[in-house]
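Q: Build out the structure end to end from the sequences listed, making use of the hints.
Going line by line, the protein sequences match chains A and B.
Numbering (our numbering) for the first sequence: 1 to 406.
Numbering (our numbering) for the second sequence: 1001 to 1167.
Hints are not guaranteed to be accurate.
Claimed, not checked - Derived coverage of chain B by chain A (criterion: at least 3 residues anywhere in the stretch with Cβ under 8 Å from a Cβ of chain A; other residues may be distant): (1) 1021-1034; (2) 1049-1058; (3) 1065-1077; (4) 1080-1090; (5) 1134-1146; (6) 1154-1162.
Claimed, not checked - Taking lysine to aspartate or glutamate and the EDC-like style, the derived pairs with C-alpha atoms no more than 16 Å apart in a straight line are: (7) A:Lys-62 to B:Asp-1147; (8) B:Lys-1146 to A:Glu-61; (9) A:Lys-244 to A:Glu-279; (10) A:Lys-108 to A:Asp-299; (11) A:Lys-48 to B:Asp-1129; (12) B:Lys-1146 to A:Glu-253; (13) B:Lys-1107 to A:Glu-253; (14) A:Lys-108 to A:Glu-221; (15) A:Lys-303 to A:Glu-324; (16) B:Lys-1045 to A:Glu-221; (17) A:Lys-220 to B:Asp-1051; (18) B:Lys-1107 to A:Glu-221; (19) A:Lys-303 to A:Glu-317; (20) A:Lys-108 to A:Asp-197; (21) B:Lys-1146 to B:Asp-1069; (22) B:Lys-1146 to A:Glu-65; (23) B:Lys-1089 to A:Asp-337; (24) A:Lys-97 to A:Asp-337; (25) A:Lys-303 to A:Glu-102; (26) A:Lys-97 to B:Asp-1026.
Keep in mind the hints are simulated off the structure, nothing from the lab.
We put the CB at the ideal spot given by N, CA and C, even for glycine.
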Amino acid sequence: MPLELADAPTTEGGPQDYLWTLNFGPQHPATHTTLRLILTLDGETIVKAVPDIGYLHSGFEKLGEHLDYNQYITIVDRMNYLSPVANEIGWHHVVEKLLGIEITPRCKYIRTILAELARIQDHLLNIGAAALDLGAFTAFLYAFNLRESIYDIMEQASGQRFHPSFTRVGGLASDVDDEWVRLVREFVRRFPKVHGDIRRLLNRNRIFLDRTRGIGVLTKEDAISWSVTGPIARASGVVRDLRKDEPYLAYPELEFQVVCATGGDCLARYLVRMEEMVESVRIIEAAIENLPSGPVNVDVDSKVVQPEPLATYRSIEGLIQHFELIMTNRRWQTPVDELYGATETANGELGYYIVADGSGVAYRARTRPPSFIHFAIFPLLIVGHQISDVVAVLGSLNIIAAELDR
Amino acid sequence: MSYETILCTLRERLGPENVTASQFRDNYRLVVPRHLVYEALACLKERDGFDMLIDLTAVDYLHYPNARDRFGLVYCLLNTATGQRLIVKTFLNEPELTVPSVWPLWKGADWLEREVYDMFGIVFEGHPDLRRILLPEAFTAFPLRKDYPLRGRGERHNFPILTRAES
Chain A
1 MPLELADAPT
11 TEGGPQDYLW
21 TLNFGPQHPA
31 THTTLRLILT
41 LDGETIVKAV
51 PDIGYLHSGF
61 EKLGEHLDYN
71 QYITIVDRMN
81 YLSPVANEIG
91 WHHVVEKLLG
101 IEITPRCKYI
111 RTILAELARI
121 QDHLLNIGAA
131 ALDLGAFTAF
141 LYAFNLRESI
151 YDIMEQASGQ
161 RFHPSFTRVG
171 GLASDVDDEW
181 VRLVREFVRR
191 FPKVHGDIRR
201 LLNRNRIFLD
211 RTRGIGVLTK
221 EDAISWSVTG
231 PIARASGVVR
241 DLRKDEPYLA
251 YPELEFQVVC
261 ATGGDCLARY
271 LVRMEEMVES
281 VRIIEAAIEN
291 LPSGPVNVDV
301 DSKVVQPEPL
311 ATYRSIEGLI
321 QHFELIMTNR
331 RWQTPVDELY
341 GATETANGEL
351 GYYIVADGSG
361 VAYRARTRPP
371 SFIHFAIFPL
381 LIVGHQISDV
391 VAVLGSLNII
401 AAELDR
Chain B
1001 MSYETILCTL
1011 RERLGPENVT
1021 ASQFRDNYRL
1031 VVPRHLVYEA
1041 LACLKERDGF
1051 DMLIDLTAVD
1061 YLHYPNARDR
1071 FGLVYCLLNT
1081 ATGQRLIVKT
1091 FLNEPELTVP
1101 SVWPLWKGAD
1111 WLEREVYDMF
1121 GIVFEGHPDL
1131 RRILLPEAFT
1141 AFPLRKDYPL
1151 RGRGERHNFP
1161 ILTRAES
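A: Shown next as structure tokens:
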């Protein structure tokens, strides 16, 4: 849809008639996804930027009101598709909080490993793509190559590489096997080499530094006022990480540090993401070596998880319970109440506000999408910079249009 | 600061009958009437240090069990210094679907309020640029309302098809 006339700069009369308007996107290689910017330029300097979004809007939240608590993960998967499994973990974390379920230690550890793999997956692509937009092609290839091994880990666990749909209310779709553990260990072994390669390619790269240092500076006050979270806020000096502040899953038992910077520019955001990956690998390494044994799903008697297939086919209790969770008029017994819960994903605080009406389907499934909130600050960051800085700022914000528009 | 202190000071400010508190799991909630919501939020921001508006959303309670009001507006606040969270709710009914914008308090409310307007048709008075954000400008309905069907009202079905000859 075209923007209102009020957004367009005045073209006649006055001191502004030398300004011109540039349409950036929605189909542009550097936007990476479908978003559009209307830039008002004075020569090459940006005077005004108006984001125009909604090209990928597909009513995910409306669908969440019609799919049950397990079915909806196939939709949340597709929000932030750089780290799909982190969305599933976030969704089921809130659903389990609603139902009052405490998941098993093994499930906590596996979910923690998956969440951290997702963080690395997201950061790798973000750093690779940001570097690619600034002309550093090699770093992108190294990053993408390492992402392949994370896809292999996801495939080994769930059978699907990209959108695993792996978590379930009260546990996981299936337990992981020894091969999965081997793949994770292999990844931990491979990671430092690739991380070092990317670091050596970019950290002292004159072109990369010149194009990111001092560009798109976000102050701490602005970060707080504009609701910014995650690595972008931490790069501006907001010391906040839900993994430490509101510990969930296995994070309280694992040692890691929160990475912060004070620069608030594109370079600081890049450096925070680079160091966060190192901390994530520390978490994965400790978690995979201390992976507890035991069941991945909560006790079948709690009536929230499906019984083992064998129990479904061979015992009447198993069959009844399978039915109870599958029939559209039965499913979970939820409290008639509502709550907000959040997890720390690669992009920031991913929150869900669930309104439950007692049935197995959410009455309202609101997502707090970090990309949506982060893209709102884009005009603030870009005004006064050159047109070539658009891609640097866009790359450092990690905007994912599917999450942006839902 | 404990939730009891926050509740007490807010009750002193707005009158005890105007603030109701409840808790579910770790969510602390305050319900204030529509005409006092801005005052309550400004007070929470200035005095109790809730400096971040984490989320702003709405719920349509049309088919909700035992609901008395049509819409609920939910403000999720966070104190970044202490990590304390608080949820402030207010209820709205047709035809008075207006509420003061909290944009002067938190800049992050800009797009969040636009999205609520886009999806529910709740108007935020004083918002600097209240346009539809995700849906096209020409869209007439508010799709997250419960009386709007999942498959739409023919928007997709009646979409004009542009042939190559016409384009």
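Q: So, for every hint listed, does it hold in this structure?
A: Against the structure, the hints:
Counting residues of the region 1021-1034 of chain B whose beta carbon lies closer than 8 Å to any beta carbon of chain A gives 4, which reaches the threshold of three, so the coverage claim holds. Closer than 8 Å: that is the beta-carbon criterion, and the region 1049-1058 of chain B has 6 residues meeting it against chain A, so the requirement of 3 holds. Check on the region 1065-1077 of chain B: 4 of its residues sit with their Cβ under 8 Å from a Cβ of chain A, so the three-residue criterion for coverage holds. Interface restraint, the region 1080-1090 of chain B with chain A: holds (4 residues with C-beta to C-beta distance below 8 Å; minimum three).
Counting residues of the region 1134-1146 of chain B whose CB lies closer than 8 Å to any CB of chain A gives 7, so the stated coverage by that chain holds, three being the minimum. Chain A is given as covering the region 1154-1162 of chain B, and this is violated because 0 residues of the stretch bring a CB closer than 8 Å to a CB of that chain, at least three being needed. A hinted pair counts as satisfied when its Cα atoms are at most 16 Å apart, and A:Lys-62 with B:Asp-1147 qualifies at roughly 12 Å. The hinted pair formed by B:Lys-1146 and A:Glu-61 meets the criterion: a straight-line CA distance of about 12 Å does not exceed 16 Å.
For the hint pairing A:Lys-244 with A:Glu-279, the CA-to-CA distance comes to about 13 Å; that is within 16 Å, so the pair holds. With a C-alpha separation of about 15 Å, the suggested pairing of A:Lys-108 with A:Asp-299 holds against the 16 Å cut-off. Simply put, A:Lys-48 and B:Asp-1129 have alpha-carbon atoms about 15 Å apart, close enough for the 16 Å limit, and the pair holds. Proposed proximity of B:Lys-1146 and A:Glu-253 is contradicted: the alpha carbons are some 43 Å apart, above 16 Å.
Restraint check: the Cα-Cα separation between B:Lys-1107 and A:Glu-253 comes to about 36 Å, which exceeds 16 Å; the hinted pair is violated. Annotation: proposed proximity of A:Lys-108 to A:Glu-221 is violated, straight-line Cα distance about 35 Å (limit 16 Å). Distance check on the hinted pair: A:Lys-303 and A:Glu-324 sit about 8 Å apart at the alpha-carbon level, within 16 Å; holds. Taken as a hint, the B:Lys-1045 and A:Glu-221 pair is honoured in the structure, with Cα atoms around 14 Å apart against an allowance of 16 Å.
A threshold of 16 Å between alpha carbons decides the hint, and for A:Lys-220 with B:Asp-1051 the separation of about 12 Å falls inside it, so the pair holds. This hinted pair checks out: B:Lys-1107 and A:Glu-221 have alpha carbons roughly 11 Å apart, not beyond 16 Å. Between A:Lys-303 and A:Glu-317 the alpha-carbon distance is near 11 Å, which keeps this suggested pair within the 16 Å criterion. Under the criterion of a C-alpha separation no larger than 16 Å, the hint pairing A:Lys-108 with A:Asp-197 is inconsistent with the structure, at around 32 Å.
Of the supplied pair hints, the one linking B:Lys-1146 and B:Asp-1069 holds, its CA atoms being roughly 13 Å apart against a limit of 16 Å. For the suggested pair B:Lys-1146 and A:Glu-65, the alpha carbons sit about 10 Å apart, so the restraint of at most 16 Å is met. Between B:Lys-1089 and A:Asp-337, the direct Cα distance comes to roughly 13 Å. Compliance with the 16 Å bound is thereby established for this hinted pair. Taken as a hint, the A:Lys-97 and A:Asp-337 pair is honoured in the structure, with Cα atoms around 12 Å apart against an allowance of 16 Å.
Pair hint A:Lys-303 plus A:Glu-102 holds up; C-alpha atoms about 13 Å apart against a cutoff of 16 Å. Between A:Lys-97 and B:Asp-1026 the CA atoms are separated by roughly 9 Å; this keeps the pair inside 16 Å, and the hint holds.
In this structure, the earlier hints numbered 6, 12, 13, 14, 20 are contradicted, and the remaining ones agree with it.
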